[in-house]
Amino acid sequence: MLSIVVCVKAVPDLDEADKIRIDPDTKALTRHDIPLVINPLDRNALEAALQIKEKGEAHITIISMGPPSAGNVVKECLALGVDQGILLSDPAFAGADAFATAYTLYKAIDKLDSVDCVFCGRASSDGATEWVGPELATFLRMPVVTMVREFVEAGGNSWKVKADIEDGYRLVQVEMPAVFTVTHTANTPRTLSFSGIIKARKKEITTWILDDLGVAEESVGLKGSPTIVSDLTVVESKRTCQIIEGTLEEKADILINKLISSGVLL
Amino acid sequence: MIDFTFTDEQELFRKAAREFAETQIAPLVPKMEETGRDWDPAIKALCDAEMMAITIPEEYGGLGLGYVERLIALEEIARVSVATAMMMQVGALGTAPIIVFGSEEQKKKYLPGLASGKHFATVAVTEPSGGSDPKGCTTTYKKQGDSYFLNGRKCFITNSHIADVQVVMAVDEENPDSFSTFIVESGMKGFKPTHEEHKVGMRGCNTGEIELKDCEVPAENLLGGEGKGMRVAMTAIGDVGRGGMVGCSLGLQQACLEASIKFANERILYGKPINRLQAIQFKLAEIKIDLDAGRLLGYRAASIQDAGGRSSNEFAVAKYYTAEAAQRAAKMAADIHGGYGCMEEFVVTRYLRDSFVLGPSAGTSDIMKVIISRWVLS
Amino acid sequence: MSRSDNPVWVIAEQVSEIIPTVCFELVGQARKLADDLGASAEALLLGEVTRDQIDLLFYSGADVVYHGNSPDFGIYQSEIYSETIVTLSKETQPQIILLGSTFIGRELAPIIAAKLGTGLTAHCMDLFINEEHILGQRIPAYGGLISITCPEKRPQIATVAQGVFQVPELDKNRSGKILPVEPPVGLKLRVKTLEVVIKKPEGVPLEEAPIVVAGGSGAGCVEGWQEIKTLADVLDAALGSTRPAVDEGWTDLDTMIGQSGKMVNPELYIGVGLSGEQQHMVGITNAKVMVAINNDPKSPVFEQVDYGIVEDCREFVPLLVKKLQGKNKKSRT
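Chains as they are written, first to last, in this note's numbering: chain V, 1 to 266; chain D, 1 to 378; chain Y, 1 to 333.
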């Protein structure tokens, strides 16, 4: 049976993201009291895995690294149809950059019996880097294809996928096992169902801490991160804004006239 | 001590219901409003999303969940479409008597189809003479051989033209004190949905009349025993019907609050958003107070029901409070919108019309007071 | 940390034997960084190109061009490319490696970083040598710019989008050494690009459009997005977007403006239903006139534009479209 691992990040709800601050001491992002949700782009990775499972037999494991509250996100994935959930949660994992995150995920996946493929989202909505998928692949010594928009042939020893490039795509053949990052156009993620939530009652979430992974504290979290945030500078805008007042109609007329007189509209 | 928090799983149910309502139901609302019909896509969506299976036991293909979960789902669906929530709630109202009073054969025959959405249900009690005085029922039944023959007319029946499984109450042709309920299938000879109503609100929710003309119902479709009809109908209406209206009302209150906050943040008056004006702030506060109080009443009754108790009196209190509160909330939401509150492009005008229909559904506020006063005096 | 004079590298990719503009921009910036460090600026180019393309790398500031022109480098194959870069990097120990934030760069950079066991910063808006003689990498975050550094691990790797740095003035007197690079021997390929399909979009590219209309999540729905598109059509403008609009599925990633998207330089920019997140706004700093339409008077976008309209874009945009259409009709008759 095909064994698929999907890496999911619990990210702060975008609607409340303005409450995020940078910790002045550790320079890491603090995320106090902000509800965590599935990174929206990871839902496409999850959906790709679920669709492959619908076509053939597959076992899907979800792995998420995050605070204990990320357990809710793992639970939600189980309700969406994932078979097994693993939460990597340890204070030592905190403050990780992409490199340390990929390394920690690698150590976790390495503990699993046999893995045929790993799916990641294209990027995360909070850190906005796209590095975890390819870095994880490199640690796992697996090939990687980023920005996959379509799985043309999947399930066998060799898969064919279409991956986005500038103004087009490339058709890629991959020997398995492999890592894929999935774009947001690849599919429309399914929504939660009541029966899915009920089925998730019987599915377990395993939490692994630092000792479970058998790695040194120095190679994970903030300590294991090659990059650090060194300072924050405020950007001063060079523009002063004139708010155009009036009725809806007047505002439109005034704006058009202003743009014509500044020479940017004919 | 009382725990007022939802479980993690219940929060997940709410999230699922909200996602469903926002992605599947919300896009259907404009068409339903425009035509007052076009309920088929909403019904299909409800069935596909297992919304009709919530309280049906697992052994009959349902989800085996409780009234709290049902209330959560109704609240979230009513938040985007009270009309859809109404059809869903009455579907469950038609199903509940079969769950509670049905024989094993009846349960096996009807519940799996009602859970999967192959069938849809309703209850037909109200007649032209009124709904809150069931003893005034003039639809009659008469036994002949292995069949009952029903004659009469039912009106203001939600799902009248959709439901193919209808729990109908009738009175013995020869004994005016003997009421019985029957499971009538829409395909049975002599059954016919007739007039469709055009309501001021909850447009797109099917309400209409049915006609029973020598309608032949097999004897095995008698529900709960001959002469037990009043108990069957009142249990369903008391617990499920009122409970469902609480969900519809709470969802509408939440919608009113959200629309009001959004407008108050965006509408600029005297150079600043109107949310800075105390007159507006107090209205928002009042909607919120009503909503929180209504939720406590509603979920209290649902919890009693889930714990195995009877909750029709507690639901009467909650039904009264939330229906009244929804009407207040819709009025205040429209007031906050000022002139825009009179323009059909603004969703609060729909809320105002919908709130109007919440009142009489499953019993007016005055009838609730009759029930509550009977309760306190008993 | 003491100053190092190890080289500063740029990975110069080629697509259909043409080196993308961003690579020349990066060579120009690498030259400045190398000068600050007293180091050499070097480009690593994989794939066959004409000699004048290589000269352009020298004119842009490169001292050395490592060039692999084996047919194996013809189209991008992640394993061949990454193995070649990693092997050469281990031999010659560059202290900095810069890549364009192209689709290839975005896949290649993390593979290289992981293989070399070092850090990587995404889509930088500025690169400089700080007082500790290491690479400061500025990225937008939380209403400002944060600096990222990679204090201990080497090389320091960063990706940069096209347009962040200017194309350097070409110095045609410059030249340098071309050193050959061979593909790895005996590498068993597990990933093979079989086919590349490109379809250039019609119209003016976003980066060169004189008018840009950009939409954000405030469009609210597909219909709202359509209105913004209509506004762009009426103005003969290129349509841009923010990341939330892309994530909603209203538009393609190709239209995204900002840190991880495209840099634009229009005469007129109109931002519709967007909040002015730094990640987006850094892509438009060079616009001549900027307009924002947003229903929230407190939106940070109004601090960053010239004209503000506080209205719900779903009401205002259709009206503006109607007015502009009327104006066009009048000017034609």
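Source of the hints: derived by calculation from the structure; they are not laboratory data. The structure displayed is predicted, hence computed values, not measured ones. For every residue, glycine included, the Cβ atom is placed at its ideal position computed from N, Cα and C. Treat the hints with care, as some may be off.
[As the list claims (entries may be wrong)] With a straight-line cut-off of 25 Å between C-alpha atoms, the simulated BS3-like cross-links for lysine-lysine are: (1) Lys298(Y) with Lys272(D); (2) Lys262(D) with Lys228(D); (3) Lys238(V) with Lys327(Y); (4) Lys223(V) with Lys298(Y); (5) Lys262(D) with Lys298(Y); (6) Lys272(D) with Lys369(D); (7) Lys31(D) with Lys199(D); (8) Lys115(Y) with Lys258(V); (9) Lys108(D) with Lys283(D); (10) Lys327(Y) with Lys160(V); (11) Lys118(D) with Lys135(D).
[To be verified] Stretch-level coverage of chain V by chain Y, calculated; a stretch enters the list once three of its residues show a Cβ under 8 Å from a Cβ in chain Y: (12) 56-63; (13) 168-176; (14) 207-220; (15) 241-253.
request  = Would you pick out the hints that fail for this structure and give their numbers low to high?
outcome  = Numbers 2, 3, 4, 6, 8, 9, 10, 11, 12, 14, in rising order.
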